[in-house]
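Q: Spelled out from the first residue to the last, the chains are:
There are 2 protein chains.
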Amino acid sequence: MIVGLVVLGGAQARAGTHSAEPALEQAFDSGIDVQEQSRWLRQLSSAPNHVGSPHDRANAERVLGLLRSWGWTARMETFSVLYPTPLRTTLEMIAPERVVLGGQEQPVPGDDSTTDLSQALPPYFAFQSDGDVTGALIYVNYGMPADYAELERRDIDVRGKVVIARYGGGWRGLKVKLAQEHGAIGCVVYSDPAEDGFARGDTYPTGGWRPPEGVQRGSVADTSLYPGDPLTPGLASTPGAIRLTRETAPTIMKIPALPISYADASKLLQRLAGPPTPTAWRGALPFTYHFGSADGVRVHLAVVSDWSQKTLYDVIGEIRGSTAPDQWVVRGNHRDAWVFGASDPLAGQTALLGEAKAIGGLLKSGWRPARTILYASWDGEEPGLVGSTEWVEAHLSELRSKAVLYVNTDSMGRGFLSYAGSPELTHFLNDVAADIPDPEVPASLLARQRAHLLVQRFEGEPVGRGLEGAARQGGDLPIGALGAGSDFVAFLEHAGVPTVDIGFSGEDSKRGSYHSAYDTYQHYVKFVDPGLLYVNTLSRVVGRIVLRYAGAPTLPARFADLAVEIKTCAGEVEDLLKDQQSSDTALDRLLESGMFRVAADPTQVRTAPQRPRPAEAVDLSDLDAAADELLTAAQAYDRAADLSTRLEDSQVKRLNELLSNIDQLLLSEAGLPGRPWYRNLLFAPGWLTGYDAKTLPGIREAVEERHYDVARTNTAIAATAVRAYAIRLREATSVLVPARPGKPNR
Amino acid sequence: MIVGLVVLGGAQARAGTHSAEPALEQAFDSGIDVQEQSRWLRQLSSAPNHVGSPHDRANAERVLGLLRSWGWTARMETFSVLYPTPLRTTLEMIAPERVVLGGQEQPVPGDDSTTDLSQALPPYFAFQSDGDVTGALIYVNYGMPADYAELERRDIDVRGKVVIARYGGGWRGLKVKLAQEHGAIGCVVYSDPAEDGFARGDTYPTGGWRPPEGVQRGSVADTSLYPGDPLTPGLASTPGAIRLTRETAPTIMKIPALPISYADASKLLQRLAGPPTPTAWRGALPFTYHFGSADGVRVHLAVVSDWSQKTLYDVIGEIRGSTAPDQWVVRGNHRDAWVFGASDPLAGQTALLGEAKAIGGLLKSGWRPARTILYASWDGEEPGLVGSTEWVEAHLSELRSKAVLYVNTDSMGRGFLSYAGSPELTHFLNDVAADIPDPEVPASLLARQRAHLLVQRFEGEPVGRGLEGAARQGGDLPIGALGAGSDFVAFLEHAGVPTVDIGFSGEDSKRGSYHSAYDTYQHYVKFVDPGLLYVNTLSRVVGRIVLRYAGAPTLPARFADLAVEIKTCAGEVEDLLKDQQSSDTALDRLLESGMFRVAADPTQVRTAPQRPRPAEAVDLSDLDAAADELLTAAQAYDRAADLSTRLEDSQVKRLNELLSNIDQLLLSEAGLPGRPWYRNLLFAPGWLTGYDAKTLPGIREAVEERHYDVARTNTAIAATAVRAYAIRLREATSVLVPARPGKPNR
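Chains F and H supply the protein sequences, listed in that same order.
For the first sequence, the tail end lands on 746 under my numbering, and the numbers increase by one without skipping.
For the second sequence, the tail end lands on 1746 under my numbering, and the numbers increase by one without skipping.
One or more of the hints may lead you astray.
[What the hints assert, rightly or not] Label-pair distances were calculated between CB atoms; the ranges are:
1. F:578 - H:1234: 55 to 61 Å
2. H:1294 - F:469: 40 to 46 Å
3. H:1584 - F:107: 37 to 43 Å
4. H:1475 - F:275: 31 to 37 Å
5. F:54 - H:1295: 45 to 51 Å
6. F:607 - H:1475: 51 to 57 Å
7. H:1594 - F:469: 17 to 23 Å
8. F:153 - H:1131: 39 to 45 Å
9. H:1464 - F:571: 24 to 30 Å
10. H:1294 - F:116: 40 to 46 Å
11. F:657 - H:1459: 54 to 60 Å
12. F:115 - H:1464: 35 to 41 Å
13. H:1275 - F:727: 16 to 22 Å
Calculated from the structure, these hints are not laboratory results.
A virtual CB, placed ideally from N, CA and C, is assigned to each residue, including glycine.
Model the full assembly from the supplied sequences, consistent with the hints where possible.
A: See the structure below:
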């Protein structure tokens, strides 16, 4: 029997292809009702949804009930995790004058949701450290490493002081971490209107952008070390689990920190003394930005939290696969929010519910997927991807052997489809995007995405050359790299599951309500996705991904795209090494000849830049060669799969054995340098950037930090993994094209 | 006799070298007293100095008296010119509410000069058109061609409306001209704090940058057509001159226009309706910028001026050359200001006075220059370079045959030396800059300039690759190209006199007081050039240029630098042609495939960009070949000059005949396309940029505007001129290296 064929009806069991079935997908689409999605979104976002809130729990029960009502086998999986909630947050300026700052956002006229915020948590940072500090205030721009280098050149010291950083430039948790590493005693982070306010567009309620009072809450746990419950790294937070303490958990910050609005920040920043900052440090507030000074603005910052354990409610729906029940397609979106969370995460949750109901409709008509489908409504994403991470840790060995795909969505926007994740999914995702019409414009999602990339350079916003080139050539649009920021992290970077994260953006102002009390249903339907057109479209996109992946005889991956990505990344690291060499040479020459002194304005304090550790050469040729081997093997497999006709049962079985968890070969069991939880040799969030992906992180970050021996070791590790991947692909090719005596199969 | 040797004492009469004489220059330096310069600056800037003001006249008399007292032959040359001064300026918002705007700046606490502004002209634009209009207000960003293209794509029409533009992006006059060409009935221009206010640094009086109330006055005459008196293009405005009328003078605007402060602009802009502007259109005011709408903000704009003729007082000091009286070294700086003008122009005027006194001291010790030196204190620069232009027009034929150099300075700053002008002066100016110490830092001006260029890329502000490359190679730093903006225009671009414009900048905030009532002595000594260190240094720089140029046996030019510049510019035009071709191809493909429609946000009005006139090829090979010939000839001459030993009297005479006005060969008697007053084939202010230079303007601007036939014609004209230059240089070389029978001299 041909796997999947009977139940799927009519698809050809060729290797490496998906099984697009127009009738099935049409039936799926007709099972999604955008009006119902609107009602769900309104209901789900009708009260605060933070971890531990009654409404988050009620939504979990609601989702559980819905899944069951649609024919899913559904269960609640709970975890007991550390989750601090604020009891008292204090921020006040005490010099040059006393001004009380901080506290809850104000209601917005015309937005009913915001009328009563009594059940909402006030703005705060999860996993800062409680404390009570008073000190001079220093402005540190984005609070990233380059900013502290600039402060050092100006002889401005943050030791014993409170720093104020603006959002942007990297993950918020790094701002607190770098502040404490530089000796600051407290940290305040605000949303500057340059990035997130009136400079972007009209503010809420006139437009969708962040109003002066809006505050971006968030976690500041050091999730670049590990996400999830800070007390149980690598282990599920089940009742009996061994736990670290608050004091020993390395991802919890050591200083108090708070997020504030730009209305509040403005009061502080406009009073800062000291020299004016460089132009690049300026935001959009209407005064000259200054660094601050030891005898200028002083602030009192204090946070007291309830550090009790809270229960997370992950809702898991399951449809057991008919022919390959031990191959899992997992799809998730979190459900917890900072406040109401209409866009983040409930728009995505609403898409998920639409898909689940439509799949339930297919079930009722007798359809069953070949593979097992798991739908997850995660709790506890906001404090640090906790619900998904604990679940992955709880089911790690099963996931590593069974999960063939994880599909993630999260907050939603309007505009252009984007996807990021495992490179071998590139062609598959392009196919899906080509099959679905954009809800606003008569074009497919793919055509619109391509058009967007192509016109940008005539709009004064050129995209990367690679992207525009790919768009122009008309081939597949490349997939982005994943770092951190949503529930895909544990799947991709800890468990090594092929992953894709999907969303729409580009025409909305969802950032304006991000993590604030203004991320409401009214804000969403007015300024993010009126009519939920894109929520509905997202359901169609994810539905096709899930149905095609769950039904394909063998997994629809194109491995040449992975090989090319590895080669590209290795080339980038080589360019970085060359840049370091040439930049060092130029800098050395300038430092030796005293050029910085000669060019400096003698009326200002500004020393020459520090000379970095000397650049060294790192030989990447072994990795290059391995990537070439992989490319050859991958092209052979992809070609063989394309040419394959009906496969024997045994071939299908063998191919799935070889390929369904092939990405496990890209994991390092020892983990990345300094952060063993992160095991993916290809992708990690940047250690010093946070959200953004670092590809080949063990090598690239070691080069960036100039730990060249580490880079060399990790080059060897990566090359070995890449070669193992090539060998596995050659085995798979030989299943499709059996070697004949006297004729080599490559 | 060796020309110049006797009087100069000891200089070697080699061709092409300057005659640096340490003793003479030391004597010159000791004749400059920085305390005295401070007193002059305070005195000159003690009252408003606009054209026609009593203090401008009094300063003219003072300068005349000083020059005479120092032994100069000095005279006043007067011109009667059109110069409108405002009788009434009105700007008021009449909807959505009535707010009176505009008027004189307010006194600044602590700056005595600003206490009484009763004698100062209020903020206005010279050569706008009087009028009284009321209309809806539209924001047009910088009001440049690209901005109107954007408005057109958004279907926003300025016909019958008043536009408000921010300063920046091009010459202010173009803002008014383009507004009227697009059908606007009035134009308001303001200084946005992004370019000129708190976003740059602390504002006056805390720092030097423009305070909310500061207004940038200025001329809006279309000086890209011709500068000087609008009624007498090409002719001196002497009493009997044939004059155009106000109505027929093409450089006078046809709509009323006023400059305003950002305090005033803020009141208008924050009330504008219509869609939000693109991010690039945003300034630094604390609200979302909108385009405006027909039914939104309405303004009433009215200007009434006194259009009577005014008298300009140019003061000309002369020291007749001992051996070459018919070769003139001319040096000028204007004296008129918009209000007090401490930086613009009186700091430069003070430098000029310091030089003149020091040269007077040399005269008294018996020294005489070989060539004639003329020092000019120009009147009427601010309304449109009128004093210098009328003077050049009055003395045109003499200047074209006699002037060997014009040295210009104007407003002053602190920091790094910069010079722009005729490329053959590059090496000479580098030599001068190498001989003078920076007043702040123990390094020569040249070393500091070089250090500044070299460190920029480590400071996140990389300079052009060519500049950094030149700085790194350690050779001469290149000279900039001159467009417009000060009194050099008539000399360089009408009369074809080799020209250099010199100044310091980079460490000051002189822009903050530019053309406002706050350009005062107090502002200057606090925030521009404390202690007048750079005014004093400028005297030394210009003094050396003048002394060396006036004393050199033959002119110290290196013609290879000119040839290289022409080749570089031709290459730039070729790149531009290639860019047009490839950009057109890409745009055509996108337009034909409807990509802009597919990528557009359907909720917004924004059409695809206009398809420009089709790009054509232009063959520049004839100009390339001519430039190569010039390079060969120039290198041969430069080498021969370097190798030359003592020259015979007849050789010196012949070389000066051939070379002292060689740049006349780069003039087109017919002038540039559409603007016959501009005759220099190498340099002109951009027709649609204003201040900035366009090199090879007849070709480059024709290509930019896609008038390819014009470009072809002008390529031929330029090639012919360049060949004539090469022939002249070969003649000069043959004077140094006489051809011997049987041995060709090239």
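Q: For each hint, tell me whether it holds in the structure or not.
A: Verification of the supplied hints:
1. For the hinted restraint 55 to 61 Å between residue 578 of chain F and residue 1234 of chain H, the CB-CB distance of approximately 57 Å keeps it satisfied.
2. Distance hint check for residue 1294 of chain H and residue 469 of chain F: the Cβ-Cβ separation is about 43 Å, which falls inside the suggested range of 40 to 46 Å.
3. At about 54 Å, the beta-carbon gap between residue 1584 of chain H and residue 107 of chain F misses the expected band of 37 to 43 Å.
4. At roughly 36 Å, the beta carbons of residue 1475 of chain H and residue 275 of chain F sit within the given window of 31 to 37 Å.
5. Remark: the range hint 45 to 51 Å for residue 54 of chain F to residue 1295 of chain H is upheld by a beta-carbon distance near 49 Å.
6. At about 29 Å, the CB distance of residue 607 of chain F to residue 1475 of chain H disagrees with the hint of 51 to 57 Å.
7. Checking the proposed 17 to 23 Å range against residue 1594 of chain H and residue 469 of chain F shows it holds: the Cβ atoms sit about 21 Å from each other.
8. A C-beta distance of roughly 53 Å is found between residue 153 of chain F and residue 1131 of chain H, which places it outside the suggested range of 39 to 45 Å.
9. Remark: the range hint 24 to 30 Å for residue 1464 of chain H to residue 571 of chain F is upheld by a beta-carbon distance near 28 Å.
10. Between residue 1294 of chain H and residue 116 of chain F the beta carbons are some 41 Å apart, a value that agrees with the proposed interval 40 to 46 Å.
11. As the Cβ distance of residue 657 of chain F to residue 1459 of chain H is approximately 57 Å, the hint placing it in 54 to 60 Å holds.
12. With their beta carbons about 57 Å apart, residue 115 of chain F and residue 1464 of chain H fall outside the hinted range of 35 to 41 Å.
13. Checked against the given bound of 16 to 22 Å, the beta carbons of residue 1275 of chain H and residue 727 of chain F, roughly 58 Å apart, lie outside it.
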